[in-house]
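Peer 1: Each residue of the sequence shown is one higher than the one before, starting from 1 at the first, in UniProt numbering.
These are calculated hints, taken from the structure and not from any lab test.
No incorrect hints appear here.
The following label-pair restraints were derived from C-beta to C-beta distances: (1) Arg179 with Arg116: 24 to 32 Å; (2) Asp4 with Leu44: 17 to 25 Å; (3) Ser11 with Ala185: 36 to 44 Å; (4) Ala185 with Thr48: 34 to 42 Å; (5) Thr22 with Pro187: 32 to 40 Å; (6) Asp133 with Leu14: 19 to 27 Å.
In this text the structure is predicted, and so the values were computed from the model without any measurement.
Just so it is clear, CB atoms sit at the ideal spot from N, CA and C, and this is done for glycine as well.
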Amino acid sequence: MAADIRVVSGSRLLSYAEGVRTVYLDAFGGAPWGEGPEHADGYLRRLTEDVTRPGFTAALALDGETVIGWATAWTTPLPFPTGRCYPQISAALGEDRTAAWLCGAREVDELAVASRARGTGAGAGLLDAVTGDRADGRCWLLTSVAAGEARAFYERAGWTPATHPAASGAGLAVYLGPRHPARTAAPRPL
Numbered sequence: 001m002a003a004d005i006r007v008v009s010g011s012r013l014l015s016y017a018e019g020v021r022t023v024y025l026d027a028f029g030g031a032p033w034g035e036g037p038e039h040a041d042g043y044l045r046r047l048t049e050d051v052t053r054p055g056f057t058a059a060l061a062l063d064g065e066t067v068i069g070w071a072t073a074w075t076t077p078l079p080f081p082t083g084r085c086y087p088q089i090s091a092a093l094g095e096d097r098t099a100a101w102l103c104g105a106r107e108v109d110e111l112a113v114a115s116r117a118r119g120t121g122a123g124a125g126l127l128d129a130v131t132g133d134r135a136d137g138r139c140w141l142l143t144s145v146a147a148g149e150a151r152a153f154y155e156r157a158g159w160t161p162a163t164h165p166a167a168s169g170a171g172l173a174v175y176l177g178p179r180h181p182a183r184t185a186a187p188r189p190l
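Work out the full structure: start from the sequences and follow the hints.
Peer 2: Here it is, written out as structure tokens:
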């Protein structure tokens with residue numbers, strides 16, 4: 001299966017809401033996420049606000065007109081946000097690195113690929129579609145430390161971990177994009 005990857009506007013992405021919801025449930029319904037229909041519905045409600053964020057960009061992976069994946073990204077504001085998972089990120093990196101590495105950078109918020117489309121290049125195509133135009137390479141994302149497959153995918157795609165898992169294997173992992181100027185400054189695990 002060769003996915004048709006398209007960069008789309010926020011309104012175009014929202015016109016595929018049911019397909020986005022279906023892929024959300026497929027991608028995040030199992031371990032380690034365990035998210036159900038109420039989470040997918042919540043994501044769609046949040047997405048209607050997210051499309052208005054400064055620097056918002058999105059991409060769809062389609063098989064015909066069927067959504068098999070999507071990605072969203074935007075510009076991380078300064079000052080660094082204090083809602084959602086942001087305080088954990090700032091605590092892990094420290095205020096100076098957070099401001100220098102993440103604020104003003106392209107933040108990949110969501111990337112999801114249907115299980116039937118994994119291994120086809122759809123994920124890599126979506127990731128490139130929402131980050132490839134960033135001339136300075138300043139892109140970042142976060143994922144759960146427990147999401148081993150996702151973390152391995154990002155590392156294969158050239159993304160560098162900027163935080164390291166707690167001994168418990170819980171928490172969040174921040175990744176810097178392959179062309180992010182600070183990726184060589186990210187601390188390496190012992």
